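Peer 1: Please arrange chain B on chain A, whose structure you already have, making use of the hints.
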Amino acid sequence: MEWYWAFAFMLGLVISFMALGVPVAFAFVATNFITVYYFTGFDWGALIQVADNSTQLISRFTLGPVPMFILMGSLFFHTGLAIKVFDGLDAIFGRLPGRLCYLTVAGGAIFSTLTGSSMANTAMLGSLMVPEMRRRGYSNQMSMGPILGTGGLAMIIPPSALGVLLAAIAEIDVGRLLVAGFLPGFTLALLYAAMITFQLFRYPDSAPAYDVEPMSWGARLKLVCTNILPMGLVIFMVVGFIVLGWATPTEAAACGVLGVFILAVLFRALTFSAISTSVEGTIRVGAMVFLIIMNSTVFSQMLSYSGASRGLIEWVTGYELHRYAILFMMFCVLILLGMFMDATSMMLITVPIFFPLADALGFDLIWYGLFVLITIEMAGTTPPFGLLLYVMLGVAPKGVTLFQVAKAAFPFLVCDAILILILCAWPQLALWLPSLM
Amino acid sequence: MRAISVAYDWLINAMKVLSGIIVVAIFILITSDVLLPLTGDLLNELGFKVTILAWEGTLGVVEYGLLWYTVLAAPWLARIKGHVFIDAVNELLSEDVRRVTSKIAYIIVIAGTLLLAWFSLNLLIEAYVGDMIDERSMELKLWWIYAPMPLGFGMVAIEFIRYLIGVDDMFGSRTDVKEGM
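In order, the protein sequence lines correspond to chains A and B. Just remember that the working numbering sits 116 ahead of the position in the first sequence, which is counted from 1. Counted from 1, the second sequence has number 26 at position 31 by the working numbering; the numbering is strictly sequential.
Do not take every clue at face value.
[Claimed, not checked] If you want the ones that stay clear, here's a sample from chain B, every Cβ over 10 angstroms from chain A, calculated:
1. I(-1)
2. T26
3. V29
4. G35
[Stated by the list, open to error] Here are the simulated SDA-like cross-link-like pairs (lysine to any residue), alpha carbons at most 25 angstroms apart as the crow flies:
5. B:K98 / A:Y319
6. B:K76 / A:F149
7. B:K44 / A:L127
8. A:K523 / B:D82
9. B:K76 / A:L136
10. A:K514 / A:Y319
11. B:K76 / A:Q165
12. B:K98 / A:F149
13. B:K136 / A:L518
14. B:K136 / A:L509
15. A:K523 / B:L87
16. B:K136 / A:M455
17. B:K76 / A:L212
18. A:K523 / A:F317
19. B:K98 / A:L127
20. B:K98 / A:S132
21. B:K98 / A:I150
22. B:K98 / A:A135
23. B:K76 / A:T393
24. B:K136 / A:T178
25. B:K76 / A:L509
26. B:K76 / A:Y506
27. A:K514 / A:L129
28. B:K76 / A:Y319
29. A:K200 / A:W333
30. B:K76 / A:I344
31. B:K98 / A:Y153
Hints listed in this document are in silico derivations from the structure and should not be mistaken for laboratory results. Quantities reported herein were computed from a predicted structural model and do not represent experimental measurements. Don't be surprised by glycine CBs; every beta carbon is placed ideally from N, CA and C.
So here's chain A without its partners, still in its complex pose (with noise of 0.2 angstroms):
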């Protein structure tokens, strides 16, 4: 079979499947018998491979992280940990016009240190933040969009879940990946803070500046050196165990949650409901995504078996395009496969065709693999089926709709736009971190 058919053949069917309503575990499932059976020549005894193959990637310890990083996050929400946080951050800025946009911003970016889920962080400060800016007078546009933009941080600012995820399919160190999202995602937060000022100059009534109770420097102080500073325990056992190469990213993920465990001893916070529901979160979110990737194991291993890996790649390179011309077809098709994929379905789909791909165009892979977080995250908040979208809608105010959610998303995507440019005109600023380690 010629490797377009097979690329098609194979493509077709999982994605088929998946438009039926298959779950995409299955769908993947489904697909990796088929087409062992068919590639194999009809040969049932085969099948066995589909069973035996799907045990190698899931059973990797670079693979630990991942739940690590859920329960790390969803301790931190459910210890009330987060809202400590936000309280700290809420005492510095004083009477600014638009100082719960950027509080947003400010908070988003610190959970993101924290946790590793952008549904989780976009969830968490769209109903901690919507009904304090609808009371204040905040635009629809003011309130949704730094909310939703700084939500999807979680995805390239270290711990990411889904950081890890991508380098264990790609076969790229978990560790370097992890650490390039570091000044980027910090760099991304600057631009959305430059947007929200960029909208109140254009829009001043947006966000109308409100009287907040005076408190002194000394109170300020305090609150920070109470709420905020203690966090940086578990991001330096996190990031600072893995740069520094005391770690490796599953064990300074271990530790991340041992630090926010040993955080909430000493705010008192620590519930058995808090750690039962945490636990259960992991599960729920953890093991449906391992079990996606068990069985797009074999899905990879057939699509490079077949031919249509290889296949794809000399066509495309055979063309004489520049590589950034590919480079935005692959984020063409990526934010087209958002519109109604979740990410790590896309993932799963993509890594392998794109990877070798970015690979022999000259790309460096963990550049690529930052390239990609992004290009999903903003994925995430794409009309019409973006998940991020569906999250604020549901803790947005009833009669919202969808078109506004995205309206106001729209200028945050620029800023991610913006930050690709940057990151394709100098790739040092998410390589020079990893060239540490």
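Peer 2: Below, chain B alone, put in the same frame as chain A:
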């Protein structure tokens, strides 16, 4: 029949609880792997002549644990409609067509998971009878890695048979946002 149903529900929950215990165990194993040698070094610097080594089996056990954690939770996830699916196309279909497509989707899952359960059972028996060893950070019995798969995937098939015969409808919550990362 009712007793079987109660026992089956209990089993699903027990497997979920075991999955949670495995997550906590993974956390404890990895942190002790990092902290024990550090504690030993610290005690040595304080003048105590002790050697504390990390357990060499951590890596292998954690790797097996990740698979067990995933497979044991699969039936519970099927029960709570926690397996992520795409409903963008289904949303566009009429109620009658959607009823047909959902049945086809259930049948595909049942067929796939039964095959997976069957072949993993074969692998399990083969590894057990052959007393096969998996060389990781320590020697592990290979059949341990396959052990949860026939049960886990078999039970997922049962959950989707429940959907197929109309006990419940997986697409009933299709407008809900699924949790993810």
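Peer 1: Would you mind marking each hint as holding or not holding in the structure?
Peer 2: Results of checking the hints against the structure:
no. : hint            : in the structure
1   : I(-1)           : 25 angstroms, holds
2   : T26             : 5 angstroms, violated
3   : V29             : 5 angstroms, violated
4   : G35             : 15 angstroms, holds
5   : B:K98 / A:Y319  : 52 angstroms, violated
6   : B:K76 / A:F149  : 24 angstroms, holds
7   : B:K44 / A:L127  : 61 angstroms, violated
8   : A:K523 / B:D82  : 23 angstroms, holds
9   : B:K76 / A:L136  : 16 angstroms, holds
10  : A:K514 / A:Y319 : 24 angstroms, holds
11  : B:K76 / A:Q165  : 28 angstroms, violated
12  : B:K98 / A:F149  : 20 angstroms, holds
13  : B:K136 / A:L518 : 52 angstroms, violated
14  : B:K136 / A:L509 : 49 angstroms, violated
15  : A:K523 / B:L87  : 23 angstroms, holds
16  : B:K136 / A:M455 : 44 angstroms, violated
17  : B:K76 / A:L212  : 45 angstroms, violated
18  : A:K523 / A:F317 : 18 angstroms, holds
19  : B:K98 / A:L127  : 22 angstroms, holds
20  : B:K98 / A:S132  : 15 angstroms, holds
21  : B:K98 / A:I150  : 19 angstroms, holds
22  : B:K98 / A:A135  : 13 angstroms, holds
23  : B:K76 / A:T393  : 18 angstroms, holds
24  : B:K136 / A:T178 : 21 angstroms, holds
25  : B:K76 / A:L509  : 21 angstroms, holds
26  : B:K76 / A:Y506  : 18 angstroms, holds
27  : A:K514 / A:L129 : 39 angstroms, violated
28  : B:K76 / A:Y319  : 44 angstroms, violated
29  : A:K200 / A:W333 : 18 angstroms, holds
30  : B:K76 / A:I344  : 37 angstroms, violated
31  : B:K98 / A:Y153  : 24 angstroms, holds
In this structure, the hints that do not hold are numbers 2, 3, 5, 7, 11, 13, 14, 16, 17, 27, 28 and 30, in rising order.
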